[in-house]
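Chemist: Order-wise, the sequence lines are chains Z and L.
Read in order, the letters of the first sequence are residues 1 to 110 in the numbering used here.
Read in order, the letters of the second sequence are residues 1 to 113 in the numbering used here.
Just so you know, the hints here were simulated from the structure itself, not pulled from any lab data.
Just so we're clear, the structure is a prediction, and the values are computed from it rather than from any experiment.
One or more of the hints may lead you astray.
Said to hold, decoys possible - Derived coverage of chain Z by chain L (criterion: at least 3 residues anywhere in the stretch with Cβ under 8 Å from a Cβ of chain L; other residues may be distant):
{"id": "1", "segment": "69 to 82"}
{"id": "2", "segment": "85 to 94"}
Said to hold, decoys possible - Straight-line distance between alpha carbons at most 25 Å, and here's what the computed SDA-like set of lysine to any residue pairs gives:
{"id": "3", "chain 1": "Z", "residue 1": "K68", "chain 2": "L", "residue 2": "D38"}
{"id": "4", "chain 1": "L", "residue 1": "K57", "chain 2": "L", "residue 2": "S7"}
{"id": "5", "chain 1": "L", "residue 1": "K70", "chain 2": "L", "residue 2": "T82"}
{"id": "6", "chain 1": "Z", "residue 1": "K42", "chain 2": "L", "residue 2": "V52"}
Beta carbons: idealized from backbone N, C-alpha and C, even for Gly.
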Amino acid sequence: KQEVTQIPAALSVPEGENLVLNCSFTDSAIYNLQWFRQDPGKGLTSLLLIQSSQREQTSGRLNASLDKSSGRSTLYIAASQPGDSATYLCAVNTGNQFYFGTGTSLTVIP
Amino acid sequence: DAGITQSPRHKVTETGTPVTLRCHQTENHRYMYWYRQDPGHGLRLIHYSYGVKDTDKGEVSDGYSVSRSKTEDFLLTLESATSSQTSVYFCAIKANADTGELFFGEGSRLTVL
Numbered sequence: 001k002q003e004v005t006q007i008p009a010a011l012s013v014p015e016g017e018n019l020v021l022n023c024s025f026t027d028s029a030i031y032n033l034q035w036f037r038q039d040p041g042k043g044l045t046s047l048l049l050i051q052s053s054q055r056e057q058t059s060g061r062l063n064a065s066l067d068k069s070s071g072r073s074t075l076y077i078a079a080s081q082p083g084d085s086a087t088y089l090c091a092v093n094t095g096n097q098f099y100f101g102t103g104t105s106l107t108v109i110p
Numbered sequence: 001d002a003g004i005t006q007s008p009r010h011k012v013t014e015t016g017t018p019v020t021l022r023c024h025q026t027e028n029h030r031y032m033y034w035y036r037q038d039p040g041h042g043l044r045l046i047h048y049s050y051g052v053k054d055t056d057k058g059e060v061s062d063g064y065s066v067s068r069s070k071t072e073d074f075l076l077t078l079e080s081a082t083s084s085q086t087s088v089y090f091c092a093i094k095a096n097a098d099t100g101e102l103f104f105g106e107g108s109r110l111t112v113l
């Protein structure tokens, strides 16, 4: 069974810092990997989707990379802002099913 | 946004009562999912559907049933709710496009007293 781990579970940084969130998975046979953002009491918002054949995807200040062979993905957030405070989750797609990490709770301090 | 609506958004019920949560989509996607989210456990798959009348179990399906009689609606039923089913329930759809991107509804918060 696919296991997805996100480290750290929580992260607090001052505004303006660049930061990296980590996601690891145990089975490299994936179709894609997706990063989500979740605000308290809300649903999950898709941030970036990386197909298994891709190495990275960028959207604004966000950059996600994928190393399928080592079972790792990173989400890089540049010049963090207080509005980036949220929980970030990664999910791997193995075909018909998706497996989620438990998330990293990010706090950006003004 | 994949046009996903969940109802009800909030519900409080008593142990032993039946509960049905509804997920409605407007874009004709084939795959629909029900997850529950609990502190310390993350998102766990309850059931999913890959077409009308086609469903399969996820890792935490005990105590839950689903039905999909129309493409746009995926219902999750708790036949006899228990306190352990207090949770936030999310519906998701996998986009039909080649990307296979997953989109979520806003969630349904269920409290079983």
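Chemist: Now, for every hint given, state plainly whether the structure supports it.
Modeler: Cross-check of the supplied hints:
1. 69 to 82: n = 0 at 8 Å, threshold three: violated.
2. 85 to 94: Coverage by chain L holds here, the residue count being 3 at a Cβ distance below 8 Å.
3. Z:K68 to L:D38: Violated, at roughly 28 Å.
4. L:K57 to L:S7: 21 Å, holds
5. L:K70 to L:T82: Violated, because 28 Å separates the two Cα atoms, which is more than 25 Å.
6. Z:K42 to L:V52: 28 Å, violated
Figure legend: structure checked against the earlier numbered hints; hints not met, in rising order: 1, 3, 5 and 6.
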